[in-house]
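Each chain, written out:
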Amino acid sequence: MNAFLFLLPIALVIGAVFVILFAVAVRNGQFDDLDDPPERILHDQD
Amino acid sequence: MNPTPLLGARAGSGAGGTCPHCGTAVEGEQDAYCCGGCELAAAIIRGAGLERYYAERSAFPPRPEPERATHWRGVPVTTASDGSCETRLVVDGLRCASCVWVTEKVLQHTPGVAAATVSYATGRATIRWRPEETDLPTLAGRIAALGYRPRPLAGEATPDRDLMLRMGFAAIAAVAIMGLYEGLYAGWWYGAMDPRFAALFRWTSLVIATPVAIWCAAPFFAGAVAGLRHRVPHIDVPIALGIAILYVQGLVTTIIGQDGYLDSLAMLVALLLVGRLMESRGRRRAAEAATALAAAVPRTVRRSRENRIEIIPVEQLRAGDLIDVGRGEELAADGVIVSGSGLLRMALVTGEADPVQVAVGERVVAGAILVDGALTVWVSAVGDDTVVQQMARQVELAAERGAAPTSVDRIAPWFTILTLVVATGTLLATWWLIGLQPAIARTVAVLVVACPCALALAAPLAGASGLGAAARRGLLLRSSDSLRALATVDVVAFDKTGTVTAGALAVVAGDDATLRIAAGLERYSTHPIARAIVAEAARRGIPLPRGEHVRETPGLGIAGELDGENYRLERGEAGEVILTGAFGEAGRIRLGDVTRADAAPTVRALRAGELRVVMLSGDRSEVAQDVASHTGIAEVVAPADPAGKASWIAREQASGHRVLFAGDGLNDGPGLAAADVGIAMGTGAASSVLVADGIVSTDHLAPVLAGIRAARAMLRAVTTSQRWAVGYNVVAVGAAVLGLVNPLVAAVLMPISSGIVIWSASSVERRVRRAER
Numbered sequence: 001m002n003a004f005l006f007l008l009p010i011a012l013v014i015g016a017v018f019v020i021l022f023a024v025a026v027r028n029g030q031f032d033d034l035d036d037p038p039e040r041i042l043h044d045q046d
Numbered sequence: 001m002n003p004t005p006l007l008g009a010r011a012g013s014g015a016g017g018t019c020p021h022c023g024t025a026v027e028g029e030q031d032a033y034c035c036g037g038c039e040l041a042a043a044i045i046r047g048a049g050l051e052r053y054y055a056e057r058s059a060f061p062p063r064p065e066p067e068r069a070t071h072w073r074g075v076p077v078t079t080a081s082d083g084s085c086e087t088r089l090v091v092d093g094l095r096c097a098s099c100v101w102v103t104e105k106v107l108q109h110t111p112g113v114a115a116a117t118v119s120y121a122t123g124r125a126t127i128r129w130r131p132e133e134t135d136l137p138t139l140a141g142r143i144a145a146l147g148y149r150p151r152p153l154a155g156e157a158t159p160d161r162d163l164m165l166r167m168g169f170a171a172i173a174a175v176a177i178m179g180l181y182e183g184l185y186a187g188w189w190y191g192a193m194d195p196r197f198a199a200l201f202r203w204t205s206l207v208i209a210t211p212v213a214i215w216c217a218a219p220f221f222a223g224a225v226a227g228l229r230h231r232v233p234h235i236d237v238p239i240a241l242g243i244a245i246l247y248v249q250g251l252v253t254t255i256i257g258q259d260g261y262l263d264s265l266a267m268l269v270a271l272l273l274v275g276r277l278m279e280s281r282g283r284r285r286a287a288e289a290a291t292a293l294a295a296a297v298p299r300t301v302r303r304s305r306e307n308r309i310e311i312i313p314v315e316q317l318r319a320g321d322l323i324d325v326g327r328g329e330e331l332a333a334d335g336v337i338v339s340g341s342g343l344l345r346m347a348l349v350t351g352e353a354d355p356v357q358v359a360v361g362e363r364v365v366a367g368a369i370l371v372d373g374a375l376t377v378w379v380s381a382v383g384d385d386t387v388v389q390q391m392a393r394q395v396e397l398a399a400e401r402g403a404a405p406t407s408v409d410r411i412a413p414w415f416t417i418l419t420l421v422v423a424t425g426t427l428l429a430t431w432w433l434i435g436l437q438p439a440i441a442r443t444v445a446v447l448v449v450a451c452p453c454a455l456a457l458a459a460p461l462a463g464a465s466g467l468g469a470a471a472r473r474g475l476l477l478r479s480s481d482s483l484r485a486l487a488t489v490d491v492v493a494f495d496k497t498g499t500v501t502a503g504a505l506a507v508v509a510g511d512d513a514t515l516r517i518a519a520g521l522e523r524y525s526t527h528p529i530a531r532a533i534v535a536e537a538a539r540r541g542i543p544l545p546r547g548e549h550v551r552e553t554p555g556l557g558i559a560g561e562l563d564g565e566n567y568r569l570e571r572g573e574a575g576e577v578i579l580t581g582a583f584g585e586a587g588r589i590r591l592g593d594v595t596r597a598d599a600a601p602t603v604r605a606l607r608a609g610e611l612r613v614v615m616l617s618g619d620r621s622e623v624a625q626d627v628a629s630h631t632g633i634a635e636v637v638a639p640a641d642p643a644g645k646a647s648w649i650a651r652e653q654a655s656g657h658r659v660l661f662a663g664d665g666l667n668d669g670p671g672l673a674a675a676d677v678g679i680a681m682g683t684g685a686a687s688s689v690l691v692a693d694g695i696v697s698t699d700h701l702a703p704v705l706a707g708i709r710a711a712r713a714m715l716r717a718v719t720t721s722q723r724w725a726v727g728y729n730v731v732a733v734g735a736a737v738l739g740l741v742n743p744l745v746a747a748v749l750m751p752i753s754s755g756i757v758i759w760s761a762s763s764v765e766r767r768v769r770r771a772e773r
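Line order of the protein sequences matches chains A and B. Count the first sequence with our numbering and you get residues 1 to 46, in order. Count the second sequence with our numbering and you get residues 1 to 773, in order.
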């Protein structure tokens, strides 16, 4: 059980990293258009 | 790879070929272009090395029309630090994915363009270019040459990044807390955890849950506060109450060393935010469509002063100035013509589609479009003083209606009161029967499971789904409130010109032989009558011959040689053109406004849906009756002026009906504002779009029907899922009163109830498809 004493903080840090990455992605506008990219992938071949 | 066209001829191929660009039948030559526009479009496409477009497209493009001069100089352009310019436009007429593809690639291959994307979903183009190599009018011209119509984009709703961030954080937090709580729940069966570790798990959960309750859920608290302050019932009140109780309970249980509802809290907030996001996305799309249409109003004018022409923003224009107006431009001010002549379409003001001939000395109004010719106008009124602005202001005044609380909002106070009563009852009864501690536990459980999460999700999810279903069929609605109003409509009133009819010049009568010769002469002309004649010949599948020695005299007519004979095409009586050959008159073609092709089937389907269909027209009674009988509309109110239409609608509403009104011109504005649901035809006046609840984005009437179907499907989906939600709350509260609910039960029940609501909301599209069959 003692493993949790360092596993839990590590998990929290990893979680925090993902939250920060998500925030950066949102601020860069990655989620602004959710309709177009799924269409685009079908047509862009070059 | 050898490109093989997927498409055959557009209509009756007969002898000869078809236009390789737009598929119109052409006489004689194989692979001859039907007009200069198509030839240019094809040259641009081939020049950019995009022949693949012809092999892959699934719909013919529109035939390129002479570009309607737009005031590109007034369009906002952002300049980056490296000197490149960027702007966003709307492109109309994109019919298939290949259209989008070819537009995007042609822009990318244009010299001076740094980057260009065209959205498949919204037809929005984002272009970045180097200003020293090219400019916006050139780029817009390239799009127009392909046959698509670029338009400036006025203000744009920014996507709600803040809401997305809150939702994402809540979702990540929910997963983390769920993992920690799973460990705690497991302890219920496998023997309690070491208290030190249980405390570690609980406190960690509390740390993660705190920003969820305070920051992520802030929009719900703000909504609840606003609702309470304005004494407007709002579903956010019981939701905020539920979230607050969940958090306080979690805080207290963590301190005293028990399991709380923190996992349910985070999941609930995340789900509610998903609902909010869906709602705001649908609303944003509709708002963008509306602003895009409104942007058609000119923002710059050409002022002529001391024989010099200067381009100035429309705000700087003063009464007494002289302005130049070219073909295809929209008048920016009221005034009197001092020189020139031309064909002016005043549909915006009068609602009539037919252009009228204007000459020196006549009064003209802002918003009119110069279809042909050139004018110099002495400005008499600008800005807010123009006739069109005065009408628009009346319309805006009429449109100022507060947003009605939704059905969910209306039951919210009862919901809150009932929850508090049941909670108090539980507290007192359990305290008296069993004791204080279980009494508090049960009361908290009641308050927790009574949180109307599923109820709050039902409307936004079904609403977003319904808005999407309507939008896919060509009706863009402003909000799910409009959709809700649309579901209960029982009278459908249509304007005549531009709504039941196409509102544009088209051939009404004329035999094939006359049409063939006329089209051969007019093939390369850009005059509206010429376009109408060629379009009709193409529609009937008459292969286009090629006239020789064609001479066009503006304002008079066109002459040329065809089949070795000389022909002249001239304007006859109102709405008629006369074709004269060597031996006198060879035929006549009547032009006018025709009913939309889908008007009759739409009216039939509406009446089958137990709706009363009425036509309100400003035109003479006989004309209106004629159009009505063609389309199967039994009830006609004509002639009715703008105020008359609005008061007719008000009378119907007073006798208990709920009225949908669809119209196009500014003269329909008061009616659109008065109706329970006002729908503007997208081809109509920009200002009518501003007051409307919805916009038909295609050249059809059927989207109105599709919208009603989507609205009814949405209403049924909402009703079904709200019943589920209420049923769940009753059962869960009952269980909580009896002491059967603990954090684990809540954590299992809540996602199940929300899942059922989501499944039910997603049934809107299925229901609409069933109605269409």
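Derived by calculation from the structure, the hints in this document are not laboratory data. Mixed in with the good hints there might be a few duds.
[Stated by the list, open to error] Quick list of simulated restraints, FRET-style, between CB atoms:
(1) LEU7/A - TYR185/B: 44 to 50 Å
(2) GLU635/B - GLN30/A: 51 to 57 Å
(3) TRP414/B - ILE41/A: 47 to 53 Å
(4) ILE41/A - GLU635/B: 18 to 24 Å
None of these values were measured; they are calculated from a predicted model. Ideal placement from N, C-alpha and C gives every residue a C-beta, glycine not left out.
| Checked against the structure, which of the hints given earlier come out wrong? | 1, 4
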